[in-house]
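A.B. asks: Now for the letters of each chain:
Number of protein chains: 2
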Amino acid sequence: MPVTLEELALGSMPPLHQPIGVFDSGVGGLTVLKALRARLPGRDFVYLGDTARVPYGRKPREMVAGFAGGIARFLIDQGAQAVVIACNTASSAALPDLAQQLEVPVWGVIEPGVEAATRATRGGRVGVIGTRGTIASGAYQRRLEVRGFAVWAQACPMFVHVVEEGLAGAPEAEVLTRHYLEERPDLDALILGCTHYPLLKDVVARVVGSGVTLVDSAEATAEVVSSALADLPGRTGRVRHFVTGDVAAYEHTAQVIGGVDGEVLHLDVAELARFEARAGVSRG
Amino acid sequence: MPVTLEELALGSMPPLHQPIGVFDSGVGGLTVLKALRARLPGRDFVYLGDTARVPYGRKPREMVAGFAGGIARFLIDQGAQAVVIACNTASSAALPDLAQQLEVPVWGVIEPGVEAATRATRGGRVGVIGTRGTIASGAYQRRLEVRGFAVWAQACPMFVHVVEEGLAGAPEAEVLTRHYLEERPDLDALILGCTHYPLLKDVVARVVGSGVTLVDSAEATAEVVSSALADLPGRTGRVRHFVTGDVAAYEHTAQVIGGVDGEVLHLDVAELARFEARAGVSRG
Numbered sequence: 001m002p003v004t005l006e007e008l009a010l011g012s013m014p015p016l017h018q019p020i021g022v023f024d025s026g027v028g029g030l031t032v033l034k035a036l037r038a039r040l041p042g043r044d045f046v047y048l049g050d051t052a053r054v055p056y057g058r059k060p061r062e063m064v065a066g067f068a069g070g071i072a073r074f075l076i077d078q079g080a081q082a083v084v085i086a087c088n089t090a091s092s093a094a095l096p097d098l099a100q101q102l103e104v105p106v107w108g109v110i111e112p113g114v115e116a117a118t119r120a121t122r123g124g125r126v127g128v129i130g131t132r133g134t135i136a137s138g139a140y141q142r143r144l145e146v147r148g149f150a151v152w153a154q155a156c157p158m159f160v161h162v163v164e165e166g167l168a169g170a171p172e173a174e175v176l177t178r179h180y181l182e183e184r185p186d187l188d189a190l191i192l193g194c195t196h197y198p199l200l201k202d203v204v205a206r207v208v209g210s211g212v213t214l215v216d217s218a219e220a221t222a223e224v225v226s227s228a229l230a231d232l233p234g235r236t237g238r239v240r241h242f243v244t245g246d247v248a249a250y251e252h253t254a255q256v257i258g259g260v261d262g263e264v265l266h267l268d269v270a271e272l273a274r275f276e277a278r279a280g281v282s283r284g
Numbered sequence: 001m002p003v004t005l006e007e008l009a010l011g012s013m014p015p016l017h018q019p020i021g022v023f024d025s026g027v028g029g030l031t032v033l034k035a036l037r038a039r040l041p042g043r044d045f046v047y048l049g050d051t052a053r054v055p056y057g058r059k060p061r062e063m064v065a066g067f068a069g070g071i072a073r074f075l076i077d078q079g080a081q082a083v084v085i086a087c088n089t090a091s092s093a094a095l096p097d098l099a100q101q102l103e104v105p106v107w108g109v110i111e112p113g114v115e116a117a118t119r120a121t122r123g124g125r126v127g128v129i130g131t132r133g134t135i136a137s138g139a140y141q142r143r144l145e146v147r148g149f150a151v152w153a154q155a156c157p158m159f160v161h162v163v164e165e166g167l168a169g170a171p172e173a174e175v176l177t178r179h180y181l182e183e184r185p186d187l188d189a190l191i192l193g194c195t196h197y198p199l200l201k202d203v204v205a206r207v208v209g210s211g212v213t214l215v216d217s218a219e220a221t222a223e224v225v226s227s228a229l230a231d232l233p234g235r236t237g238r239v240r241h242f243v244t245g246d247v248a249a250y251e252h253t254a255q256v257i258g259g260v261d262g263e264v265l266h267l268d269v270a271e272l273a274r275f276e277a278r279a280g281v282s283r284g
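One line per chain: the protein sequences are S and X, in this order. Sequential numbering from 1 applies to the first sequence in full-length UniProt numbering. Sequential numbering from 1 applies to the second sequence in full-length UniProt numbering.
One should not assume that every hint holds.
[Said to hold, decoys possible] So, partial list: chain X residues that the calculated Cβ filter (under 10 angstroms) puts toward chain S:
{"no.": "1", "residue": "52"}
{"no.": "2", "residue": "53"}
{"no.": "3", "residue": "54"}
{"no.": "4", "residue": "59"}
{"no.": "5", "residue": "160"}
{"no.": "6", "residue": "161"}
{"no.": "7", "residue": "164"}
{"no.": "8", "residue": "170"}
{"no.": "9", "residue": "176"}
{"no.": "10", "residue": "179"}
{"no.": "11", "residue": "180"}
{"no.": "12", "residue": "245"}
{"no.": "13", "residue": "246"}
{"no.": "14", "residue": "249"}
Everything labelled a hint here was simulated from the structure, so no lab data went into it. Think of the CB as a built atom: it goes at the ideal place given N, C-alpha and C, for glycine as much as any other residue.
Only chain S is shown next, with the shape it has when bound in the complex (with noise of 0.2 angstroms):
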């Protein structure tokens, strides 16, 4: 039931309670959400899914910059107290830079599935797979190379198609598991470094065995904000959901991530553009 911004100034949809914003090209932030929501059940959250613009993997690196800087001011303006870039291109693309220019806490997910590589790695033999963009930004490698692990990287473009097609569990995502992970060296580490993969982490387990393991960065990224940020006890979380594409299509996708809870609402990428021509205007 798409709704005009208008409406929702109006006063037509009854107001979020504090959100933290979250948002990624897509669904795959998603898997970010529900593992934010299942460690803060009285916080309201509203996500923003750019699936006009999706995917980032292969835009400019300043242009999904900007795409970030108009989504997350779109975001606080919509009441959010914390920005979250449930997207690893573009927590790659924005971040410190978004950091420095908002005025609320803003995490991305790379840094926590590093953080999380550097906990669970006890050789030091630390591998990521992502998609093209953020395997060849280099943005998990440089990070794990300073901590003097030994880093292999993957891009997998496939896998993000795998997972939206609903075919995580079908042979078509072992097959290519198989097939993107054959060369791998010796690891014991291996970050899902893509907000998709966590829905592929069965396949990956059993295809790079037990004594391998898996960094969900959904999870770390979760962890380390809601450690940030308190829950709100007695209050039952809500969820509001943005996207720029279509509304249908996206309640489809987001069915093999459990499905979307809460109100779906068209947003035109126009204004998120408003929102990012703001960008460079003091804002205070």
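Since the structure of chain S is provided, determine the placement of chain X on it from the hints.
C.D. replies: Frame of chain S, contents of chain X only:
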């Protein structure tokens, strides 16, 4: 450079001359457009990629038929003298009803593919690969079986993504092709029953071997349409693209199909919904 339909109506853009309308849920239909332009170099074309509502494959049949009706009427409103449904799912959902409702000729991609397979097979052992929607609809299987052929059908849901990711020549394409085709029986013809699949012709040919004739439904459709519509000698055909999703994303993805030639205009799906609503109204 998006322009509004009002600007178009105001004549800021030169009108196309007796164009042929072609549409698909996304970029796949560009293979059909390319095959048509090779045969009708003097004709203008107006192409619509419904990228805001892609994929059609898992949407209800009636919904897809409605989309197709709205798009066909929009293309006719843009001057189209004929309409080519360059999408298997939409062809299956909207024909023959749409052919009876429209005042211009309309073709789909299924009948031409079946006809071409009928000419190609020697022993009557015909295979067809397509999206889950196309294979589940049984549209190819029914038409082939009434001709007395032994039919093998296989859904290949990851193939569209392999093509759209620009991985048609990459190891992923080979791994998935072997997976999808490994349990095939002895065939002598194989229909590429999705407009994206002509881009996988090389890898499919390598896997099935030279004893299997590949039937390219894009080529087959272009042959049927071009034999029915005259070229306009002495003219150089132009193309105008409309997309319901993001223009830059469309242009990027279209690169894997040789890129787009001609202007690309954004069209809001709400505009198409207005044409869809007219479906029930007499157009006399």
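A.B. asks: Each hint should be assessed against the structure and marked as holding or not.
C.D. replies: Do the hints match the structure? See the list:
no. : hint : verdict
1   : 52   : 6 angstroms, holds
2   : 53   : 6 angstroms, holds
3   : 54   : 8 angstroms, holds
4   : 59   : 8 angstroms, holds
5   : 160  : 8 angstroms, holds
6   : 161  : 4 angstroms, holds
7   : 164  : 9 angstroms, holds
8   : 170  : 9 angstroms, holds
9   : 176  : 7 angstroms, holds
10  : 179  : 5 angstroms, holds
11  : 180  : 9 angstroms, holds
12  : 245  : 6 angstroms, holds
13  : 246  : 6 angstroms, holds
14  : 249  : 7 angstroms, holds
Taken one by one, the earlier hints all hold for this structure without exception.
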